[in-house]
Every structure is written in structure tokens, then in C-alpha cells.
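S.K.: Since the structure of chain A is provided, determine the placement of chain B on it from the hints.
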Amino acid sequence: MQLDGAAAATDQAAARTGKGGAPPCGRGSRRGRGAPYLLLLPALLATAVFLGWPMVRNLVLSFQNLNMKELIQHLTEWVGTGNYREILGSEQFWRVTLRTVVFTAVNVVLIMVLGTLIGLLLARLGKTMRLALSVALVLAWAMPVIAATTVFQWLFDSRYGVVNWVLDAAGWHAMTDYDWVGTQLSTFFVITVMIVWQSLPFVALNLYAATTTIPKELYEAARMDGAGTWQVFASVTFPFLRPFFLATTFLEVIWVFKAFPQIFAINQGGPDRLTETLPIYAFTEGVGNLHFGMGAAISLLTIVVLLAMTAHYLRLTLRQEAQEEHEEAAL
Amino acid sequence: MKRSLAGRIWLNATAVVLAIGFVFPVYWMFNTAFKPTRDILSEDPVWFPFHGTFEHFATAVHAPDFWTLAGNSVVVTVLAVALSLVIALCGAFALTRMRFKGRKGILLTFMVAQMAPWEVMVISVYLIVRDADMLNSLVPLTCFYMLMVLPFTLLTLRGYVAAVPRELEESAMVDGCSRRQAFLKVVFPLLAPGLMATSLFGFITAWHEFPLVLVLNKEPGAGTLPLWLSQFQTRFGDDWGATMAAASLFAVPILLLFLFLQRKAVGGLTSGAVKG
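Sequences listed follow chains A and B, in order. Residues in the first sequence are numbered from 3 upward in steps of one, following the numbering used here. Residues in the second sequence are numbered from 22 upward in steps of one, following the numbering used here.
Isolated chain A, as found in the complex:
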């Protein structure tokens, strides 16, 4: 999922639930006690079959030694916790994990800060300019990830790429035939530019849409008190849109962490596997090197890392839900 980077103009809705959620009810639930379960049945069933089953299968695989030979001949060779011990004992895994966390953090911070700035800019522009910038953002947002990675490879091509030409024309002649995927840092630079470019529109457009819902009186009151631009943001915009920021950050963490085609297409995690993040690492070990059991074990550890990174948000949301239920019960 690109998410990819790419996604829908919708997050604010999720953010809203974080804050207000369902209006108080209390009535209606007595009638048809089974109704909610019936309504949820298709979703739960589909999740169990098409996600739960592969997950269980994955878990089972992670305790096996499964290579091409075993796969073709339908053999099963159990190794107990061998795969896990090997991975957790390898320096490589921990280095990749640290790299993934740093990579995700850098990208998400860039996306959230720049996205917010562009969203606020949209709110201040005149009608025509706002439309122009919005269309530009939508175009970037709508680029399918695979197409976008292809285009960025072409933009950063060492011989005929536009980027090198521009840098050269600007006087930086060392960049004339610069090989962007030659070093770890420059490869990450290209990947980050691409991911940020694709993710900003989602944040910016939704933030702009969300700011239009802030009551004007709040701004006026703040200005009356002599607040500057930054103070207005800190005292009005940010607190009002807190749920939006939380939910969006949560989604961006997931999307950046899981970024796969972007990294894989640019340089297959190279040079020397130095730009592998956890998903790429799991894929290279599992599918690439045909150690399927090992790949399954890494993919499960990947989920654990992602869960740890998002635990704070998950806890917050559940606490909010509990609070709402509590309030409703009190009514």
C-alpha cells in the first residue's frame, strides 16, 4: 500500500472520531442485540480469512527451515526458535531496525512540519493561487507509486537526469555525472525526497480543510490579545486540530515505515544493502535469498517493531473510546 505515500483525502474524519466520536446514544442498543455483530461479521470474517490465516501461516513458517527445495517438494522441517535466535543474534538485524526507526522519524517529521506549513499557506492564499497549488498537490498525490519511482529514477539519472543538469548549470560542476545511488546517504536522500513529495499533499490538503472548520471567533480573540502568527498557531490552531495531528502522524508512521516499492525500485536496498529498511530486509532475506522461514520470522518481528512505534497512539485511542463509553453510561 503506498501508500504509499498515496491515499485518500480522508484522514481528518478519523481524526474527528478521536475527539468527538459518536454522539451519545444509549437508546436503540436494547433492540437487536445481535445486530452489531451481524453488521461486523463480513468485515471480521474477511479479516480472519484473508489476513488472519496468512498471519498464522506466517507464524508457522517462522519456525521452519523452508527453502526452495522444501517448497517445491512440500517438505516440512521444523527448527523451533532457530530462525528467531539467529535473527536476534545478528548484528545486521539490529542495525536495520535502528535505521528503519531513524528513517521513519526523519520522514514523518519532515512530512508533518512541511505539510502543516503548506496547509497554512493554502489558507492564506487568494482563490486563484489556492486552486493552482491545490491542483499541483493533487497531481503529485495521485501519481501511482510505481509510476512515481520510475519518474524519480529518471529525474536522478546520472547521465541524462534533469537534477544533475540543473545542479551543474547552477555552478555545482562536481554533480555533472553524479551517481545518486552510489552512496547510502545520497540514495536515502532521493528516497526521502520522493516519499516526502508524495506524502505532503495528503497532509497539506487535509490540514487546510481542517483549518476551515476552526471558528473564526477563536482567531479574532487571539489576535485581540495581540498574539503573533506563531502564537495563534500554538494557542488556537494546534490545540483545535490536535486529534487531526495525532491521527495523521499515526498514518504517516505506518506508511513511511512500510514504504516498499519506493526503496526497492530505486536501488533494491543498495548500495551494499545499506538502504534496507525492515520490510526490504525481510523481503530480501525471505524471497530474494529463498530463506522463506527466515523471511517469515523477520516479517513478524517487523510487525512487533511497528506496534511498538505506534503503541502510544493505539493506547490513546482506546482510552478515548473507553472514556466515551463511560460518559454515555453516565447519561
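Fair warning: there could be bad hints in the mix.
Now the in silico label distances, taken between C-beta atoms and shown as ranges [to be verified]: (1) B:L189 to A:L40: 39 to 49 Å; (2) B:I30 to A:V108: 46 to 56 Å; (3) B:S25 to A:E93: 33 to 43 Å; (4) A:H175 to B:S158: 51 to 61 Å; (5) B:V195 to A:R321: 31 to 41 Å.
Non-contacting residues of chain A with respect to chain B, defined by C-beta distances greater than 12 Å in every case (computed) [said to hold, decoys possible]: (6) L90; (7) E93; (8) M114; (9) S136; (10) Y180.
These are calculated hints, taken from the structure and not from any lab test. Note that beta-carbon positions come from the ideal geometry of N, C-alpha and C, so glycine has one too.
M.R.: Using the frame of chain A, we list chain B on its own:
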């Protein structure tokens, strides 16, 4: 209050620079696709495709099975998105409007399901589909794409359902509607923008999914367009013209869909978002 002239110029200049920055990669894709090869591989970039040509598009379209793969892509994407919308809407309604045991657990399930690393689960998915003897079929592909977008769709729709005032539904029920009628006649029309906005995400996800189709549908003619697009990168190597033409053809449906749906989507968000 009026902003100073300098302030306005500064704002607009920033906006222009940003707009160019965001559009440029998209523009460069189309530009390269329409340029003859000698203009593509030139020392100085050719900024406008004055000597426009369709030869790259011809190369792209004449790749084997193009139309079959395009058809497959459309079928799989539309079915996956439609199914996930229907299933998610039912679930979202129950999760927002009803209180029942296990609600929080179910909510958590979907939030975690959203994190599923599909790219690395391809092996187990492959084994399951192989054992069911369904390799090279569009059915498992549709099902798995449906599930890839289901958690996000459900969680997002939850927000939209919550934004529809409960009173509307209740007054319809006072007027003699059953709960189902109240939902279909009152709530559903108000959800339309939300459904469209949410479906965008599903469309783009299913449209460009690559790792799964690569493993499951290997037979020629059984895959989807991302397979075709990736062929260009591997088979033609440095033929950037054909690659960009293929990327353009691949991107155009989604670009159009976004331009068409996005205004409704954001409009729907703003009108619905007033309730805090």
C-alpha cells in the same frame, strides 16, 4: 485586515515555487513520453516536447498482453474497492452507532490490521493460494486487495458516520422508518462524499499493488498493469521514452479519478467536519 503588498507577493511567490515543485515530476513524465529519443538523451534537457511523437506510446501499448492486463487491472481494482466499501460501511456503522461487548477489541483488531506488512507476507499468501489451486486467478487477487484496503476504509468511514447527526436518523425513525430504512434513506446519501473520498485510497492501493501479483499471477496474461510497467524497467533498461509512456498510461486513470473526486472529497470533509 489587509496584508502588506510585500507580504502578499512573498506568499504567492512561495506558492508558485511549490506548485512547480509538485507538478514537475508529473510534467517531466509526460514530457519525456512525448519526446523523440534524441531529445530525451541530449546533453541539455529539452524542456518542451516540440517534436512530439507517439512512438513511445506505441511501444508501450504493443507490449504483449497490454489490453488483457489493463482489463484485469480494472476488474480487480473496481471489485476490490466496491466490496471493501460495502463491508466496511456495515462495520463502521456498527462501530460508531452501537455499543456492544468486544467493541474496543474489534476496533483494535482493525487498527492493527492496517499495519499488516503485505510485502513480506507474500510467501504465506502464495502457499495458501497454491494449496487452494488458485494461482493465476483474479479471485484471490481481488480478495486480498479488498482486505488490504478494508481496515483503512472502515476506520475512515467511522469518522464520516459519526459526523452524520444522530437526530436525523432518529427523526426518520420517529416518522415510521425502520432502522434500515432510516440508514438507507437518510444516512447513506449524506455519506456519499465520504464514500468517494475513502474509495480514492482503495483505488490507488489496488491499482498499483505489485509484490503480490508478481508472486501469485506469473502466467502471461494473468497479471495486472504494474507487472507490465515493471517489464519496461527491466526489459528495455534505458529506454526512458517507452518507460515514461508506460508510466503515463498507468498514471492517467488515477490522475483523472483524483481530479474528479478530490473536490467532492475535500468539500465533504469540510462540511462534515464542523461537528467537533
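S.K.: Which numbered hints turn out to be false for this structure?
M.R.: Hints 1, 2, 3, 9 not satisfied by this model.
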